[in-house]
Amino acid sequence: MSRSESLTMTGIPTGKVGMWWFLASEIPVFGGLIASYVVVRLGSGGWSDASSHLNFSLALANTFVLLTSSLTMVLAFAAVEEKKPRRLQANLLLTLLLGLTFLMIKGFEYAGEIGHGFTPGAGIFWSFYYGMTGLHALHVLGGIVVNLVLLVAALRDTLRPNEHRVELAGLYWHFVDIVWIFLFPLLYLT
Amino acid sequence: MTSDAHRPNYFLVWLWLVGLVFLSIGASVFLSKGAAILLIFLVALVKAVLVLLNYMHLKFERPLLYALVIVPLLIVAILIFALFPDFVLHN
Amino acid sequence: MSSWFPENVSTFGGDIDSLFYLILYITGAWFILTEGLIVFFLIRYRRRQGSKAAYLPGESLRQASWILVPCVAVLILDLWLDFRGADVWAKIKRQVPPSDLVIQITGKQFNWEIVYPGPDRKFGTEDDLQIDNELHVPVGKVVHVVLKSKDVIHSFFLPHLRLKQDAVPGREIQAWFEATKPGQFEMPCAELCGFGHSGMNGQLIVQPQEEYEKWVQEHWPKK
Amino acid sequence: MNIFSTDHKVIAKQYLSVGLFWAIMGGLTAYMIRWQLAYPDTEVPGWGFVAPDFYNMLVTMHGTIMVFFVAMPILLAAFGNFLIPLMIGAQDMAFPRLNRLSFWVFALASVILLVSFFVPGGAASAGWTGYPPLSAKAEYTGVHWGLNLWLLALALEFASFLMGGVNFLTTAINFRAPGMTFFRLPLVVWMQLTAAVLFMLSVGPLIAGAVMLLMDRVIGTTFFLPEGGGQPLLWQHLFWFFGHPEVYVILLPGLGLVLEILPVFSRKPIFGYRAIIYSTIVAGMLSFVVWAHHQFLSGMDPRLVMPFSITTILISVPFALIVFAMIATLWRGSISFSTPMLFALGTLSIFILGGLTGIFNGSAPVDIYLHDTYFIVAHFHYTLFSATFFAGFAGLYFWFPKMFGRMMSETLGKIHFWLTFIFFNAVFLPMHFVGLGGMMRRIANPMQYAFLQHLQPMNIFITVAAILLLLSQIPFVINFFWSLRAGKRAERNPWQANTLEWTALSPPLHDNFERVPVVYRSPYEYSSPESPEDWLPQDRPPAVAQS
Chain R
1 MSRSESLTMT
11 GIPTGKVGMW
21 WFLASEIPVF
31 GGLIASYVVV
41 RLGSGGWSDA
51 SSHLNFSLAL
61 ANTFVLLTSS
71 LTMVLAFAAV
81 EEKKPRRLQA
91 NLLLTLLLGL
101 TFLMIKGFEY
111 AGEIGHGFTP
121 GAGIFWSFYY
131 GMTGLHALHV
141 LGGIVVNLVL
151 LVAALRDTLR
161 PNEHRVELAG
171 LYWHFVDIVW
181 IFLFPLLYLT
Chain H
191 MTSDAHRPNY
201 FLVWLWLVGL
211 VFLSIGASVF
221 LSKGAAILLI
231 FLVALVKAVL
241 VLLNYMHLKF
251 ERPLLYALVI
261 VPLLIVAILI
271 FALFPDFVLH
281 N
Chain L
282 MSSWFPENVS
292 TFGGDIDSLF
302 YLILYITGAW
312 FILTEGLIVF
322 FLIRYRRRQG
332 SKAAYLPGES
342 LRQASWILVP
352 CVAVLILDLW
362 LDFRGADVWA
372 KIKRQVPPSD
382 LVIQITGKQF
392 NWEIVYPGPD
402 RKFGTEDDLQ
412 IDNELHVPVG
422 KVVHVVLKSK
432 DVIHSFFLPH
442 LRLKQDAVPG
452 REIQAWFEAT
462 KPGQFEMPCA
472 ELCGFGHSGM
482 NGQLIVQPQE
492 EYEKWVQEHW
502 PKK
Chain P
505 MNIFSTDHKV
515 IAKQYLSVGL
525 FWAIMGGLTA
535 YMIRWQLAYP
545 DTEVPGWGFV
555 APDFYNMLVT
565 MHGTIMVFFV
575 AMPILLAAFG
585 NFLIPLMIGA
595 QDMAFPRLNR
605 LSFWVFALAS
615 VILLVSFFVP
625 GGAASAGWTG
635 YPPLSAKAEY
645 TGVHWGLNLW
655 LLALALEFAS
665 FLMGGVNFLT
675 TAINFRAPGM
685 TFFRLPLVVW
695 MQLTAAVLFM
705 LSVGPLIAGA
715 VMLLMDRVIG
725 TTFFLPEGGG
735 QPLLWQHLFW
745 FFGHPEVYVI
755 LLPGLGLVLE
765 ILPVFSRKPI
775 FGYRAIIYST
785 IVAGMLSFVV
795 WAHHQFLSGM
805 DPRLVMPFSI
815 TTILISVPFA
825 LIVFAMIATL
835 WRGSISFSTP
845 MLFALGTLSI
855 FILGGLTGIF
865 NGSAPVDIYL
875 HDTYFIVAHF
885 HYTLFSATFF
895 AGFAGLYFWF
905 PKMFGRMMSE
915 TLGKIHFWLT
925 FIFFNAVFLP
935 MHFVGLGGMM
945 RRIANPMQYA
955 FLQHLQPMNI
965 FITVAAILLL
975 LSQIPFVINF
985 FWSLRAGKRA
995 ERNPWQANTL
1005 EWTALSPPLH
1015 DNFERVPVVY
1025 RSPYEYSSPE
1035 SPEDWLPQDR
1045 PPAVAQS
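Protein chains in written order, with the numbering used here: chain R, 1 to 190; chain H, 191 to 281; chain L, 282 to 504; chain P, 505 to 1051.
Hints are not guaranteed to be accurate.
[What the hints assert, rightly or not] Below, in silico cross-link-like pairs of lysine-lysine (DSS-like), each with a Cα-Cα straight-line distance of 25 Å or less:
id, chain 1, residue 1, chain 2, residue 2
1, L, Lys462, L, Lys495
2, L, Lys389, P, Lys641
3, P, Lys918, P, Lys992
4, L, Lys422, L, Lys503
5, P, Lys641, L, Lys429
6, L, Lys429, L, Lys403
7, L, Lys495, L, Lys422
8, L, Lys372, L, Lys429
9, L, Lys372, L, Lys333
10, L, Lys431, P, Lys641
11, P, Lys918, P, Lys517
12, L, Lys422, L, Lys403
13, H, Lys249, R, Lys16
14, L, Lys389, L, Lys403
15, H, Lys249, R, Lys83
Hints in this document: simulated from the structure, not taken from any laboratory.
Bear in mind the structure is a predicted one, so any value in this text is a computation, not a measurement.
Just chain R, with the same shape it has in the complex:
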């Protein structure tokens, strides 16, 4: 892939073009799910009641965790530009840990809801709740794996020729953050 970086007709780095095309195809995935949620919800009643059984404080905590992880991710990218490998490693590690924290809190939240009988089969709100947050959590998991690969490379000092990948991983991570920015009010605040 490194060969590809040298060649570009438009001036935009090739990896970045690829990543943005990928994100462009991800928008309709979550867009389709959110569109379905919105229209089905507006077309029938009783959703606010179901929503009130969600654990709001855990979700709020998760919102902060994810927003902060976006900050550490972008700081990792800044560290690449400033050529500060220690800071890069530290921020990648922080992002990774925050991602894991998000998943742990999410798992805890799921456990609580299922314990109260709100399983995926408990009604249409719960179908969408588990579908939307589940698909999002899978994306977080994917981001964690990517960051882990980058972190290992950074620690073994083999990242140098591929440092632009931190930026690409960041684009993806921020996209996942943006999805949560919409899921949080859609599910918890209305």
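Position chains H, L and P against the provided structure of chain R, taking the given hints into account.
Frame of chain R; chains H, L and P shown alone:
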């Protein structure tokens, strides 16, 4: 890649994002339902744009990449619009 | 030509058939024109000793008008078909005539469950009449059908009446028809609904008014 | 040859092989379907009895295989992979390892789809469109793991083509040779790119829908089950929102192959190069607002119907322009009838009929009668069979020398063409009339219906023709394998064509070109007054051309 001179203050952006979360929670507590929903989604939109422009540094990029964000959103808008009669207005 | 379709016995079937033929004449003309040109060009401009092809990139407006003008013709014909189609659609789906016979038809794997409201003209009461796969209606009367489904999606198809409508579980979908001729016609399911889909079929029995009333007398529950 | 190669040409051949394998499977399912329809409830020779639930599996898998495992891998993945880098003058794809991953994910999807035939309960049987609730609960079909695996295979295939799409688009955006502007790209590249954009922007909602359907089946959610507050119609919207652009994802690359071949064998520039590009883009945009024409009778709001009917009929305008441009390319040409040209002309003449019958289906009132009948089946075979097989064969006969370094036999090729052309029409032309007679799709036994009895002789005719159509592919198989081993060695440019791939060796080196080509002109300068010959390659410097 962004040049150093242009780099946004990432920490300040983060403060804005956190502040906006509190704003939307406040809205859901203090405002009437309709106004709250409007404000909450406006805030979510602002947050998304903040992340896009600063963390994903779209504001330093070329039109092609803007198109890659806007066109899919338009397509989702078409989908929502066409789904309305069947699921919201059908009774 | 009319033998392509099953015999039409509904009031709006003729509109659908004539729209079909209108489209057939228009597309048929285009078919003959385009395929004819292809065959003609292939024969006329086949490779021969000493002949060279003309250099015609079709980029100038003058040249491109050879393909643009026909496209305008296509557009105009399209709009004509759109307007004709909108009229027929409105007649069938939007300007539904009033009716005094409402029948509830529920698809289930793999039968049509037909419910008449009974003498009190209300569904869900004790005097409802329920039969499977047999739909009796009077000739020349507007019949409203409420389509429902118990399990999967079925499609209510009356080929001789040019009526087809899906029955979707969780929804009640309205349809209507008016038969113009007495007789017995088939009423299959047109949407894949499981292993018994093939053969899911009912009978529509269109009867003259007196005969229909006799059937009602004999079969409907008394008050 | 290293099967884990990252070379786009090797990956193209891998996609081609898997696609051709699935074409055989698709053909076998068609054979069994046709036999059952002509001679219901008799033993299919070579197989045995076809029970109704097995029949449903056959129609489901026939559609799934032909659309997702034949048309897409051959037209998009194989030809796109092979042609895009060569035609734009690149060494390889932008992300060669992603390209390899894309193929192996597709291979995994193929294995899973194959396995799904053999799990208890059998393969998916809810139609290739998988409408819930039929597909959402195992008890409605009796198929449990088969349908889950079907969904999984589709999900993996989408992932694979998403990777492919990222690769195609990035490559074409950043890896073009010097001088290769967007308006000097060969049309097949334009068509491939449009198809990639359509696929990437439309598949998202269906991926979401597939996740929802899988959750309904496996963990008990009720997205599409009305008893739990769900909406069966929602799936249809999500499916067709993808499903209609998908039709053009298949069609456009097929038309693109034809657009490359017509000028070469007419020795004339393609007529209206830019007009075709603009039409393609317009058709691509319109394809996002026509999807509900598959749902006129689905219980969808009747107010939605006319807007979708109008956009559907209007989409005939850009395609009419492309067809007219193809015909105008023949006008005053110097036409020779080699096998690729015959198949290209076959595509054109068949696609015209398929396009025209689309007008009937697009007209909502007529669709009330035609929907779910064999008229629809005939219509989409005229469009998709022409794009997939006629255009696919045209492309294969045309680029075989470049792919494998040897020429195919023209005699066998012409026999293959004429048999295929005749029997294709013998199968699908009568099918229109069977549909007009009212015969429904996906019924296993037309003899169960009194009003279809008189159509049975036609059904038998179609079946006999279908078997002959399948047998007509034998000359191709012989030709393919014989030519691989013993065909005449191909020179660089056996057809005297202008595009860049013909300046490379046959087959090209690992990095395609001996030196990076420089592009000076548009790809279709045949019989140009600038050149003494009747062709003028894209990379020939202007000074040389004038001398």
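Now the hints, each set against the structure:
no.: 1; hint: Lys462(L) to Lys495(L); verdict: holds, 18 Å
no.: 2; hint: Lys389(L) to Lys641(P); verdict: holds, 15 Å
no.: 3; hint: Lys918(P) to Lys992(P); verdict: holds, 17 Å
no.: 4; hint: Lys422(L) to Lys503(L); verdict: holds, 23 Å
no.: 5; hint: Lys641(P) to Lys429(L); verdict: holds, 19 Å
no.: 6; hint: Lys429(L) to Lys403(L); verdict: holds, 16 Å
no.: 7; hint: Lys495(L) to Lys422(L); verdict: holds, 16 Å
no.: 8; hint: Lys372(L) to Lys429(L); verdict: holds, 23 Å
no.: 9; hint: Lys372(L) to Lys333(L); verdict: violated, 57 Å
no.: 10; hint: Lys431(L) to Lys641(P); verdict: holds, 14 Å
no.: 11; hint: Lys918(P) to Lys517(P); verdict: holds, 23 Å
no.: 12; hint: Lys422(L) to Lys403(L); verdict: holds, 19 Å
no.: 13; hint: Lys249(H) to Lys16(R); verdict: holds, 14 Å
no.: 14; hint: Lys389(L) to Lys403(L); verdict: holds, 22 Å
no.: 15; hint: Lys249(H) to Lys83(R); verdict: holds, 23 Å
Hint check: a violation occurs at hint 9 only; the rest are consistent with the structure.
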